[in-house]
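K.L.:
Listed below, chain by chain, are the residues.
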Amino acid sequence: MMPRRALLGAALTAAAALTAPAVARADSVFGIRGLGLIGRPFSARVSSSAGAFALFDGTSPLNPASLTQVTTTTGWGTFSATSRNFADGPVSSALGSTRFPLFGFATPIGRRAVFGVTVSEYLDRTWAVTTSQDTTIRDSTVTVSDVASSTGGVTDVRVAGAYRLSDAVSLGFGLHALAGSTRLSIARDFSAVAYSNYSEVATTSYSGVAVSAGITARLGPRLATAASFRVNGRLKATALNGPSATIGLPLEVSAAAIFVPVSGVGLAISAGYQTWSSAQAGLAAAGQSGARNVWNLAIGGEVTALRWRGQVLPLRFGYRWRQLPFGIGTLAGSAPLSEHALSAGLGLAMASGRATFDFGVDTGSRSAGSASERFTTVFVGLTVRP
Amino acid sequence: MRPGRLSIAAALAALLAGLGCRENVTSPGSCPDLCPAGRVVLVDTVITGIVISDSTFRGYYGPAEAQDLPLADLDSLRSVALVRFGVRDSIWYPATNDTAVGIGRVDSVQVRITLANRDTTATHLRILVYHLPAQFDTGMTWAAVQPYLTDSQLVDTIKVDSSFTGGDVLWTFKPGAMDVIPDSDAGVVALAFAVTADSRTGLSITSVENALGGPRLGWFVHAKAPRDTLSHGFFVGSSFDTFVFDPPPPPVTNALAAGGLPSARSILRLQLPAVAIDSVRVIRATLILTPTRPARGLPKESFLLSARGIVRDLGPKSVIFTDTAAGGTAAVATGDSSEIHIEIGRLLRAWGTVAGDSLPRAVMLVAEPEGAGMVEAAVARGGAGAAAPRLRLTFVRPYPFGVP
Numbered sequence: 001m002m003p004r005r006a007l008l009g010a011a012l013t014a015a016a017a018l019t020a021p022a023v024a025r026a027d028s029v030f031g032i033r034g035l036g037l038i039g040r041p042f043s044a045r046v047s048s049s050a051g052a053f054a055l056f057d058g059t060s061p062l063n064p065a066s067l068t069q070v071t072t073t074t075g076w077g078t079f080s081a082t083s084r085n086f087a088d089g090p091v092s093s094a095l096g097s098t099r100f101p102l103f104g105f106a107t108p109i110g111r112r113a114v115f116g117v118t119v120s121e122y123l124d125r126t127w128a129v130t131t132s133q134d135t136t137i138r139d140s141t142v143t144v145s146d147v148a149s150s151t152g153g154v155t156d157v158r159v160a161g162a163y164r165l166s167d168a169v170s171l172g173f174g175l176h177a178l179a180g181s182t183r184l185s186i187a188r189d190f191s192a193v194a195y196s197n198y199s200e201v202a203t204t205s206y207s208g209v210a211v212s213a214g215i216t217a218r219l220g221p222r223l224a225t226a227a228s229f230r231v232n233g234r235l236k237a238t239a240l241n242g243p244s245a246t247i248g249l250p251l252e253v254s255a256a257a258i259f260v261p262v263s264g265v266g267l268a269i270s271a272g273y274q275t276w277s278s279a280q281a282g283l284a285a286a287g288q289s290g291a292r293n294v295w296n297l298a299i300g301g302e303v304t305a306l307r308w309r310g311q312v313l314p315l316r317f318g319y320r321w322r323q324l325p326f327g328i329g330t331l332a333g334s335a336p337l338s339e340h341a342l343s344a345g346l347g348l349a350m351a352s353g354r355a356t357f358d359f360g361v362d363t364g365s366r367s368a369g370s371a372s373e374r375f376t377t378v379f380v381g382l383t384v385r386p
Numbered sequence: 001m002r003p004g005r006l007s008i009a010a011a012l013a014a015l016l017a018g019l020g021c022r023e024n025v026t027s028p029g030s031c032p033d034l035c036p037a038g039r040v041v042l043v044d045t046v047i048t049g050i051v052i053s054d055s056t057f058r059g060y061y062g063p064a065e066a067q068d069l070p071l072a073d074l075d076s077l078r079s080v081a082l083v084r085f086g087v088r089d090s091i092w093y094p095a096t097n098d099t100a101v102g103i104g105r106v107d108s109v110q111v112r113i114t115l116a117n118r119d120t121t122a123t124h125l126r127i128l129v130y131h132l133p134a135q136f137d138t139g140m141t142w143a144a145v146q147p148y149l150t151d152s153q154l155v156d157t158i159k160v161d162s163s164f165t166g167g168d169v170l171w172t173f174k175p176g177a178m179d180v181i182p183d184s185d186a187g188v189v190a191l192a193f194a195v196t197a198d199s200r201t202g203l204s205i206t207s208v209e210n211a212l213g214g215p216r217l218g219w220f221v222h223a224k225a226p227r228d229t230l231s232h233g234f235f236v237g238s239s240f241d242t243f244v245f246d247p248p249p250p251p252v253t254n255a256l257a258a259g260g261l262p263s264a265r266s267i268l269r270l271q272l273p274a275v276a277i278d279s280v281r282v283i284r285a286t287l288i289l290t291p292t293r294p295a296r297g298l299p300k301e302s303f304l305l306s307a308r309g310i311v312r313d314l315g316p317k318s319v320i321f322t323d324t325a326a327g328g329t330a331a332v333a334t335g336d337s338s339e340i341h342i343e344i345g346r347l348l349r350a351w352g353t354v355a356g357d358s359l360p361r362a363v364m365l366v367a368e369p370e371g372a373g374m375v376e377a378a379v380a381r382g383g384a385g386a387a388a389p390r391l392r393l394t395f396v397r398p399y400p401f402g403v404p
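As they're listed, the protein sequences go chains L and H. Taking our numbering, I'd label the letters of the first sequence as residues 1 to 386. Taking our numbering, I'd label the letters of the second sequence as residues 1 to 404.
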């Protein structure tokens, strides 16, 4: 039987799952393309090392087998604040946002099994663009300013279990529900008071399912590997006023390895591949540009040799690169979008290890054609083991 | 938590807060690549045949309810203002515990009138003040007043300087002109005001219905002997005022009239396409009215012709929106004969809401404020072909949000 605290945590996480569309994301101007910006639902700890340790991290939802890293009832959440600078030729702007990309809960069941729930970002569709132009109405020139915006995206609610086959090998399995909505709006302001400003709103909701499976294996005292596989169903998008569309979602494969050259130092590398071209037909049917299959790569390290006031003070760092499936232009690939970033961070253990604060910073850029966006994201993660 | 770690956590949290408190996701559009595929498409069109029925009513406001009293000596309009003042006392109490004293000698009598507007081209403008019987009412006619507009009834002539364009005029009557009020009139004085100048002209003075007040009279007196060193002032304002005029307003048959006195108002019952009744997409809607003749009224006089939404269609006494924003106005001046354009976009948007869906699709053409002056516009009716009321509509086509 689950302990009372575990039940309470499960209840809180279930409640959070019910409000899954409220999970916020790291938005981008490039989210206007295709299905939006692909989420990176990592804990602050993993984000500090560029995501290289994601397949081994029980608090990140990439690999269900990694839940076996959770040895006691645990709850966690991540807060992020992003500052962005977008530029495309003479056009530029400074942007910023505050988000909560991940929270979850897990508890061991017996000695070998772990059960967990996570609520995380999957697709971000939050963006807003403003344009201005002169137009002729009733034989007069009027300046109009348009603001098109989208708020929301798709949230991934995962219910997962992991089983420790041995001290070296763990398996995991996850069921995913995709849910969320976007609130699209268009507004036009006229410089002439004779014209009434115009605004219109449309809401689109999303639903879908997926399954995932993963494995972690320790191959020796200095080497461990992990892999995960995820099969997504089709994403159903339904507008509030009736029209709907289904979009294919990708198969996702990831693999990673950790190498410990000396005690207290861990180095990791991970790579992933997503077949987002499966969305191309659905997007084309909706009159949008297509999508491409994408790779991602991350390398990072964690040094736990340092101590401060008697506690381990982990220092993390990493570099990551990824392709994004929805480029700019009329066809996918005409101006592909890619992203790279450097990461660093540290962790602070408190209350005799019952609570951990992880701080991280991730700075880099994403670009497609002449458009680019530099970003700096600060993460704060709180992990509580009551 | 230990203080050291607490301070580090606090510092990091403060750093985070500094970065995170900014919420701005709006960037300049880098079109077409980083802009939505949809475009806002504006349509501007003129919709004709929008009137399914119309009617005009006259007399909702009569001369006795006018805010301004016209004085005219025009070929097209002659008008005289009639004012009955309040009762003037014949005694007063010099002090709280004193005995009453009566009027012994009238030193002077003043009248104060307020000019609402005048014809500034008229020179040697004079306002003629005549005695009237104290008792008259709304039944007084132009013909009935004529016997009193004679030299024998003339109290005085108020001269108005050519540079004076509007405001209070204070005039002291010539000695003896108003000293005595007949006992039969019980302290009540009534006067008629007419206008004359070197040329045909007209002006208007404010009435008791006007916020500025109507004409006022003041008597400055000394007491009877032996207390004839005491002086006092009696002041009375207008208790009833109206005006009579000639010729009477022509009947409105082939036109829709609004404004003037007795005031005219017209109802337009409309039949509009669905695209014109929309709370979101109507950007601008202009009701275009074609005058059938130049606007009638006093020189330099103007008014706001308002197209107000009707809440309940009860003919001339229809309930109209009290909110002037639920409709639009256009300025009309005497002599205007060009097209009248009234913006009614807000009304159409109100009709497009759930609350406005049950409202009659009708507007009242009415002067704003009603009964304020003599200017009257007459516009073509719904069956007048190309001159009939029409709607110039600017709207947005439904935006193609698309899915996903």
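Rather than coming from a laboratory, the hints here were simulated on the basis of the structure. Even glycine gets a Cβ: it sits at the ideal position worked out from N, Cα and C. Take the hints with a grain of salt, since some may be wrong.
[Claimed, not checked] Covered stretches of chain L (in silico footprint by chain H; criterion: 3 or more residues with CB under 8 angstroms from a CB of chain H, positions within the stretch not fixed):
#1 247-258
#2 264-270
#3 290-303
[As the list claims (entries may be wrong)] The list that follows gives simulated cross-link-like pairs (lysine to any residue, SDA-like), each with its CA atoms no further than 25 angstroms apart:
#4 H/Lys300 x H/Pro273
#5 H/Lys174 x H/Ala95
#6 L/Lys236 x H/Gly402
#7 L/Lys236 x L/Asn197
#8 H/Lys224 x H/Cys35
#9 L/Lys236 x H/Cys35
#10 L/Lys236 x H/Pro398
#11 H/Lys174 x H/Ala134
#12 H/Lys317 x H/Lys300
K.L.:
Hint check: H/Lys300 vs H/Pro273, CA-CA at most 25 angstroms. Holds or violated?
P.N.:
39 angstroms, violated
K.L.:
Going straight from one Cα to the other, do L/Lys236 and L/Asn197 come out at no more than 25 angstroms?
P.N.:
33 angstroms, violated
K.L.:
Using C-beta distances, would you say chain H covers the region 247-258 of chain L, given that this needs three or more residues below 8 angstroms?
P.N.:
violated (count 1)
K.L.:
Between H/Lys317 and H/Lys300, is the straight-line Cα distance small enough, at 25 angstroms or below?
P.N.:
30 angstroms, violated
K.L.:
Measure nothing beyond the straight line between the CA atoms of L/Lys236 and H/Cys35; if it is 25 angstroms or shorter, mark the hint as holding.
P.N.:
23 angstroms, holds
K.L.:
L/Lys236 and H/Gly402 were given as a pair; does the straight-line alpha-carbon distance stay at or below 25 angstroms?
P.N.:
13 angstroms, holds
K.L.:
Taking 25 angstroms as the top limit, are the C-alpha atoms of L/Lys236 and H/Pro398 close enough?
P.N.:
23 angstroms, holds
K.L.:
Verify this for me: three or more residues of the region 290-303 of chain L with a beta carbon less than 8 angstroms from a beta carbon of chain H.
P.N.:
Since three or more residues must qualify, the claim that chain H covers the region 290-303 of chain L is violated, with 0 doing so at under 8 angstroms.
K.L.:
Quick check: the region 264-270 of chain L, covered by chain H? Criterion 3+ residues, Cβ under 8 angstroms.
P.N.:
Check failed, 0 qualifying residues.
K.L.:
Would you mind confirming whether the straight-line C-alpha gap from H/Lys224 to H/Cys35 stays at or under 25 angstroms?
P.N.:
92 angstroms, violated
K.L.:
Has the given pair, H/Lys174 with H/Ala134, been kept, meaning a C-alpha gap of at most 25 angstroms?
P.N.:
21 angstroms, holds
K.L.:
Is it true that the CA of H/Lys174 sits at most 25 angstroms from the CA of H/Ala95?
P.N.:
It is violated: about 31 angstroms lies between the C-alpha atoms, which goes past 25 angstroms.
Consistency with the previously given hints fails for numbers 1, 2, 3, 4, 5, 7, 8 and 12, ordered from lowest to highest.
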